[in-house]
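> We have chain B; now place chain R onto it with these hints.
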Amino acid sequence: MDKRQGRISTKMIILIPVFILGIVSIISNVAAVGNIQRVNSNARQIADGYMSCISELADIQNETQKIHKQGLSHIIATDLDTMLMLVDDIRARQIVLEGYLDHFQMYITENTKDSYDDLTANYETLKYEIANLLAFSAAGKNSEAYGLANGAIANCADQMQADIEQIKDVVNNRSALARTQLREVYQSSLFISAITIAVSLVSLAFAVISVLKMVIMPLTKTQKEISNIITGIDNREGDLTRRVTILANREVAEVGSGINVFMGKLQDIFKIIISNSRKMEEVVNEVRESVITSNSNVSDLSALTEELSATMQEMSENATLINSNTDSVKNEVDAIAQRCTEINDYARDMKDHADSMEEAARTNKESTEVKVNEILHVLNQAIEESDSVNQVNNLTNDILNIASQTNLLALNASIEAARAGEAGRGFAVVATEISQLATASQEAANHIQQINNVVTAAVHNLAENANGLVQYMSDSILPEFDSFVESGSEYKKKASNIELVMNELDERTEVLKVTMREIAESISTIAHAIEDGVSGVSNAADSTQGLVADMENISRRMDENYEIAGDLKKETAIFTKL
Amino acid sequence: MKKKIALGLFFTAGIVAALAGCGNQPAETGAPEETEIPIESPEEEVTLESGTVELTMWSETANFDLLNTMIENFKAEHAGEVDLKVNLVENADANIRENVLNDVHNAPDIFVMVDDQLTDLVGGGALHPVENQEEVKQANLEDAVAAASVGDTLYAYPMTADNGYFLYYDKKYLSDVDVQTLDGILTVAAANEKKFTMDWSSGWYLYAFFGGTGLDFGINEDGITNYCNWNATEGDVKGVDIAQAMLTIGAHPGFKNCLDAEFLEGVKNGSVIAGVSGVWNAVEIQQAWGKDYGAVKLPTYTCEGKQIQMSSFKGYKMLGVNYYSKQKGWALKLADYLTNEENQKLRLEVRNQGPSNKNVASSELVGSIPAIQAVIAQAEYGKLQRVGNSYWDPFMDFGEMMAAGNLKGMELQEVMDMLVAGITASTVQ
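These protein sequence lines map, in sequence, to chains B and R.
One point on numbering: in my numbering, the residue at position 46 of the first sequence is 46, and numbering is uninterrupted.
Converting from the second sequence to my numbering requires adding 1000 to each position, the first position being numbered 1.
Since the hints were made in silico from the structure, they are not lab data.
Ideal Cβ positions, reconstructed from N, Cα and C, are used throughout, including at glycine.
A couple of the hints might just be wrong.
Stated by the list, open to error - Among the chain B residues that face chain R by a calculated CB cut under 7 angstroms, a handful are:
#: 1; residue: Thr78
#: 2; residue: Met83
#: 3; residue: Met85
#: 4; residue: Val87
#: 5; residue: Leu134
#: 6; residue: Ala135
#: 7; residue: Gly140
Claimed, not checked - Simulated coverage check for chain R against chain B, where a stretch passes if three residues somewhere in it have a Cβ under 8 angstroms from a Cβ of chain B:
#: 8; segment: 1086–1092
#: 9; segment: 1118–1130
The shape of chain B in the complex, shown without the other chains:
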């Protein structure tokens, strides 16, 4: 252990220069990025900032001149279309120029602010006077328009030019400063890169030498020793007692020790393998013999199981037949129960019918009695009233008396008329007519009396017959109704008896149905059990056959094991020393 601690760490020898190389690389990259940023910043400042700034100043100057020029063109325009075109053009340019001026604000610094403010103020004045120029020009006041163009507007344009030049000077100075900074950054970048390259080269050389001396050469020696051991084994002269040399370097020494420990472990393992191979050969021989014996027994068991399976199959078929018959009986009992229920319902209907029959007979009897009494009462009253017919005779007698007296009066009148002579002739005619009338009245009264006699006789006859009819109903019809009531009552009683008996039959049939269902279920359960038994026995037969196959397989495998044990014995024979 002490020896190992005293050795130099290869890991540290290799990693230290790699670390140095990595750190130098990072530092150099960071420095490079920083320099690139500074270069980029300065370059952008020059290109985007100062160059654009100067470019925009040129644009502002250019647009100002164009607006001035277009104003002059407006004055000399000879048609309206040109004037309109110039007005539109000037306004479009003013918008563009104002855009430039707004945009230019981003370049403004303390040094250029005054010039920029002056520039925008001059532009506003120019814009104001351009509007006046256009108006004067359109009004035909060309001299005033020219006065503005060459006076106020020209002055504004010159002032703007001066402002632009001032801003340009400031920007150019700043641009020169930025270029100087850019050059300095470039030189410092070159210096840093040279140092970085030198340090990197030294670190790389150190790392290469260290790896060669401390790692690659010791490992090559150890690899040769291992190759010798393997060559001995290949030549069937294997020597597991040999070991590799342990070197001074800590990590490579650990590799050599590891290989030697491995060789020791391998030596022990092979010893155990050879011993166990011999034991296995003996065990395999014993198992092979037992398997041969078991194989024969299992074949017998398989035949028996197949026979049992056939018997169970037959039992299953019989049970299925019984089950089928039981289902038929159960269905018959269900049909009987159904019929009982129907008869029971019928008996209940009969009883209800008998009830209604008895009730109807009783009701008819009572209503018939009431009706007979009513008829009797009406009939008696009619007979009594028919006696008034007799009064007709009395009245016709009175008519006959009146007619007789009238006839007498007519006769006397005729006599008195005859006495009166010619004066009573008319009266005599009247007396004669009255006499004829009295005679006719007598004849009519006599006819009435004859007819009345016939009517009276008929009424009496009718009364007698009606009494006979009432008597017949009281004596014959009403007792029949009593007989009906009695029959209805008897019918009801018998129907009740039938219902009672049928109810009892229905209950017993229900008990029979339940019993039959239980029997059917039991037989079904038995059939299923037999089927399961058949299946089980069949499976057992199959399993037994499988067992036979397995035993044959075991026997075959044991043969193979026997061969393997033989091979192991041959292979371990390559080691001459263990």
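Okay, now just chain R, sitting in the frame of chain B:
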């Protein structure tokens, strides 16, 4: 294992720190991210200004009351949106071109203008185009829209279609037959020691003597200069014939050359029984003459023994909005309102001014106003007023000479040649 993790973290932290350092470098001031200049569209976006908005409007005094009513209605409609103050300032409609172009920055936000002033105002960039072009074009008569447009662009809001002149007469003195000829009118006026008046200081009115003669006049295609042969020495009617006729009229005791305001004064005091003017005086004249108020087309005048129908310029009045207005949004909105259908109807009812709005022009009210009827009748003999700048000035001397009968030692043909030379002169120097 812990050593390996620490080593990995060291490297990762170093790289991340280096990269983060790159990203955190502050940008140099004065170096823009983008250098493109945003070029704006020449189309100007007009927005409605908020808060207190003060507008100035030029108009003739006679219209102030009506305009104040309309402006108050406008304020009521926009109460809460803006605190609007409108200053009405007196200015003759005929002088708008001159006054606006003289000082565009101090010209009013809105002004009443005549269609012949349109091209100069547009050419000088003094007019802001109408915002709701299609809507206004649809609402107004085609001729009125054309008179307010240059190319396809509508530069002013059409307001009236009556900017012409015709004859006002007092029925107490003049019959329907008398007013058919200028000779008849002058005879009656002289007999009653009254006057027929006409403004001969303005080329606008003097066109009446030339338009019906068959001679030629108009504006060139350049839109600026004029062509004219009113000094013609051949033909049925020669230039000198017209001048001679004018000299005769000017010398008649029943004639008086005077400005429009003087004519109205004469009507009111009874010294004038007929005169040439426009609808802007209709209400006052009707009040002065009452039931004897009459208005008809212009009469014929005698020229070289022939009766020639007096012609006229016809035109349209419109509202212009100053391009340099500080409150363009509300100026445009108010101008649009003052010329909409409702206010043109109001203008017809109150001031008898002929509408350019299609719906109002087709209303029954138009037929019941004599001045409008007279404008319509005279329109048959009128010409749309399209003249170059140089048209106006030569007439100032010419009219005065004709009215005074003083040719200042020149032959009549010389006078006509001078007139035509002035009319056709180029303004470009």
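> Compare the structure with each hint and give your call.
Hints, one by one, checked against the model:
For Thr78 (chain B), the interface hint holds, the least distance from its beta-carbon to any beta-carbon of chain R being 6 angstroms, beneath 7 angstroms. At its closest, the beta carbon of Met83 (chain B) sits 4 angstroms from a beta carbon of chain R; the interface hint therefore holds under the 7 angstroms criterion. At about 10 angstroms, the closest approach between the beta carbon of Met85 (chain B) and any beta carbon in chain R exceeds 7 angstroms, and the interface hint on this residue is violated. With its C-beta approaching chain R no nearer than about 4 angstroms, Val87 (chain B) sits inside the 7 angstroms limit, and its interface hint holds.
Because the closest C-beta pair between Leu134 (chain B) and chain R is about 4 angstroms apart, less than 7 angstroms, the hint holds. With a least beta-carbon distance of about 4 angstroms to chain R, the hint placing Ala135 (chain B) at the interface is held under the 7 angstroms criterion. Because the closest C-beta pair between Gly140 (chain B) and chain R is about 4 angstroms apart, less than 7 angstroms, the hint holds. Closer than 8 angstroms: that is the beta-carbon criterion, and the segment 1086–1092 of chain R has 0 residues meeting it against chain B, so the requirement of 3 is violated.
Counting residues of the segment 1118–1130 of chain R whose beta carbon lies closer than 8 angstroms to any beta carbon of chain B gives 8, which meets the minimum of three for the stated coverage.
In this structure, the hints that do not hold are numbers 3 and 8, in rising order.
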